[in-house]
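In the order they appear, the protein sequences are chains A and B.
Position 57 of the first sequence, counting from 1, maps to 303 under this note's numbering, and the rest follow consecutively.
Position 13 of the second sequence, counting from 1, maps to 14 under this note's numbering, and the rest follow consecutively.
No lab work stands behind these hints: they were computed from the structure.
Treat the hints loosely; a few may be bogus.
[Claimed, not checked] DEER-style ranges, computed between Cβ atoms:
hint : chain 1 : residue 1 : chain 2 : residue 2 : range
1    : B       : Tyr138    : A       : Thr306    : 47 to 55 Å
2    : A       : Glu383    : B       : Leu280    : 29 to 37 Å
3    : B       : Arg107    : A       : Pro473    : 39 to 47 Å
4    : A       : Pro473    : B       : Val17     : 25 to 33 Å
5    : A       : His489    : B       : Leu85     : 33 to 41 Å
6    : B       : Leu129    : A       : Ala401    : 44 to 52 Å
7    : A       : Ile512    : B       : Arg76     : 15 to 23 Å
8    : A       : Phe479    : B       : Gln110    : 27 to 35 Å
Here a beta-carbon is modelled for each residue, glycine too, at the ideal position from N, C-alpha and C.
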Amino acid sequence: MRRLLIALVVGLAGMAGAHAQGPRAEPPPSGLPGPPPSVPAESATPDLVVDLSRARVSITSAFQGESILMFGMFDPPGEVVVVVVGPEARETVMRKERFLGLWLNTGRQSFDDVPAYYAIAASQPLQRLLARGAGGEILSLEDRMSTVKPVGSRAAAEMAKFRSGLVEVKRREGLYPAAIGQVTVQAGRLFRVDLPFPSRLPEGVYEVKAYLLRDGKIVAAVSRPLPVGKVGFSAQLAGWASHDGALYGLGAIVMALFAGWLGGAIMRRL
Amino acid sequence: MEIYLPIAEQSMNVFVLLGLGAAAGLLAGMFGVGGGFLATPLLIFVGIPPAVAVASQANQVIANSVSSLQVHWRRGNVDLRMGLVLLIGGMIGSSAGVVLFTYLKRIGQIDFVIAVLYVVMLSTIGLLMLAESLSTYLKRRRNPEAPRGKLHTHYLVHRLPLKLRFYKSKLYISALLPVGLGFVIGILSAILGVGGGFVLVPAMIYLLGMPTAVVIGTSNFQILFVAANVTFLQATTNGTVDVVLALLLILGGVVGAPIGSRLAAKLPGVVLRGLMSVLILAVAAELLTELLRTPVSPFSLGTREVAP
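Okay, chain B solo, but in the shape it has when bound:
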């Protein structure tokens, strides 16, 4: 069954889009991060213009983070203070990101930048995860009672000015670090249409030293507002948010997420992370081949400008 997407201005199979949403939701349910970083490249693979894919995906991220936030808020797993500090950076970063996006779109380089950023980001994360899960797996096999290491280390984080106390996270660190982190995630969010959870969550654990329990809830809190900001700015400046597309992805995600969390409960974490890293690397490789392969035609068209 085909449906016409009013902003993307093309028809597309409903089930392909629902399936994409479900796949992203499955990942979200399994790993507790949004599936945006896989859904956006997949949307591009099926032929949605990258600018529309990114902006509509940002719209979908809102729904994803709301349903996740619901659970974590009720359990008290949101560090509101940390979330707000992250959000300061996130708002500035995402606004700057949309400006950058608009500029890149105007000079005709946005598709290239999106592809390159995805390749760099996905391959880095995929390799790190693969290495981590392999080493954990090998260590566990050798020594099942391995010590878990230090709770957190003291380095740069603790020497910067503007220190703030984050009670829920049991941290006393400079506010500059979460603001900076939020800024970077905001830019990623605007240009790539991702929530950024897959970068934010590890950064919160390893860089800020936050306890794992509050990480997901807090990251979802910041992602919700940043994604809303990106959606709003993309709609007003570029007009590339396709709500029909976003709604189909959301519907798919609603079905996929619970399946994902049930799967996650059954499989051991190492295996999960290993599987995920392979998947991420596969998408990165596909995007890279697209960039390297001689295109069918070197020509493409920019936006049609009807004379006023």
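Excised from the complex, chain A in its bound form:
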């Protein structure tokens, strides 16, 4: 009986997973920019050509967030939509409640496959572009968030609160920009869009995807991987801290001993 139940649960989970993966028509991008995968595989002359102003977002010691420019050209007529998705991970939302007059975390809910970052930009108001629900794989933030899988179960109304709490926090951190970005089109065929990234930016390979729409239907799509990572000194320190905590800890101690000793010695001479 128990085994049967487990099998059933596993099966259901698998189905749920398949459903969530549904709208994604193609495998996630690998580390290298491969040939642009276009949704309706067709002609040798692409309808849509794009590039990024930078190949990667480098988190250096002076990093304060960054704006990356995506630009390109398309065969008119058409409208352009750009979607940026950060790497997926499990996020835990915590909710504070008043307890004996003090605010403390009383509830928590984890969600799987939550994108670290999610932004959409379009050359026309998105609702109009996707009016007939023909956007296919282009998901608004709300639609995307409705597919994140909660870990465990809870009453639907409560779950919805946690789900909107998740969006709220991400939005506050600038990771889910609230407004739809503006894709500017020039001469009917050149486009450009600024993609803003905040200073507290999770690392990983992001995906920047541009779509060309005609009559609410996707006629071409180009995807570019955008690696986000610490580089230089801060990368070394962070890597050191996570791979070899003991050595990092010893290093921190030695640094403090030396700095304290030196500081004391200098200040007594003055």
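Take the given structure of chain A and dock chain B to it, following the hints.
Only chain B this time, still in chain A's reference frame:
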């Protein structure tokens, strides 16, 4: 000028951090205790995650106690035996503290516990100091030649087993008391990122009855090793020690400490303690309002877990 903190994973103004370090150093110089108990809440106020603030502050405490220990060691103001006995408790306490810290972090209550402990601790110390300095001030005004009271009193300390002779402190007391004291300070050190001097120093004077001359040196001796232990354990278990943050605080402290000790030489002790108690109470009040005030949003995020 902004700098990216690799472990806190956010950028922060360099001068804010240097200033914080200097303020803590100023206090350290003025009162001979580390400024950690003020620096950690201030770091939290400026938006550093509490877990990172606490662990990095422990790293800063090492530097602080080293430079203070240098002076006191040379003057022979360290009771090594007492320091080692305190350290036995301190090592056990701080290790247990980091385990507790890790557990609280996992269940998502660490920020709350840090805030509550700070409120309780700071308001207790602040009120005690305020009362003490007010009463001294009033007494002095009435009778400037007031007797200084007994050298030390005999009570529980002298009846516990495992008595040890501490020559430098001129004490013959049970070792259990300093071990227990070290244990409590160790836990505080691990959870709050403080050296614990502001609790340890009064406890050594009033509870153990140590002569004031050796108190600062000896407390710094124990704090140095306990802070090193906390730094190491936080780095290995929680990975929350941000050396860039710690280094900026240390640099600020190096500048602040001598200014503090010069100020301390100019102002009378009663005034100093009065000022300090007001400052401590202000921080406690701010932390308490944070706990009582309805938050902008009841939601927050825990650690992101990338699937293996």
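Here is what the structure says about each hint:
1. B:Tyr138 <-> A:Thr306: 47 to 55 Å: For A:Thr306 against B:Tyr138, whose Cβ atoms are near 53 Å apart, the range 47 to 55 Å holds.
2. A:Glu383 <-> B:Leu280: 29 to 37 Å: Given about 58 Å between the Cβ atoms, the range is violated.
3. B:Arg107 <-> A:Pro473: 39 to 47 Å: Given a distance of about 30 Å, which is not inside 39 to 47 Å, the answer is violated.
4. A:Pro473 <-> B:Val17: 25 to 33 Å: 31 Å, holds
5. A:His489 <-> B:Leu85: 33 to 41 Å: The hinted range 33 to 41 Å holds for A:His489 and B:Leu85, with Cβ atoms some 35 Å apart.
6. B:Leu129 <-> A:Ala401: 44 to 52 Å: Once the Cβ atoms are compared, 48 Å apart, the range 44 to 52 Å for A:Ala401 and B:Leu129 holds.
7. A:Ile512 <-> B:Arg76: 15 to 23 Å: 19 Å, holds
8. A:Phe479 <-> B:Gln110: 27 to 35 Å: 34 Å, holds
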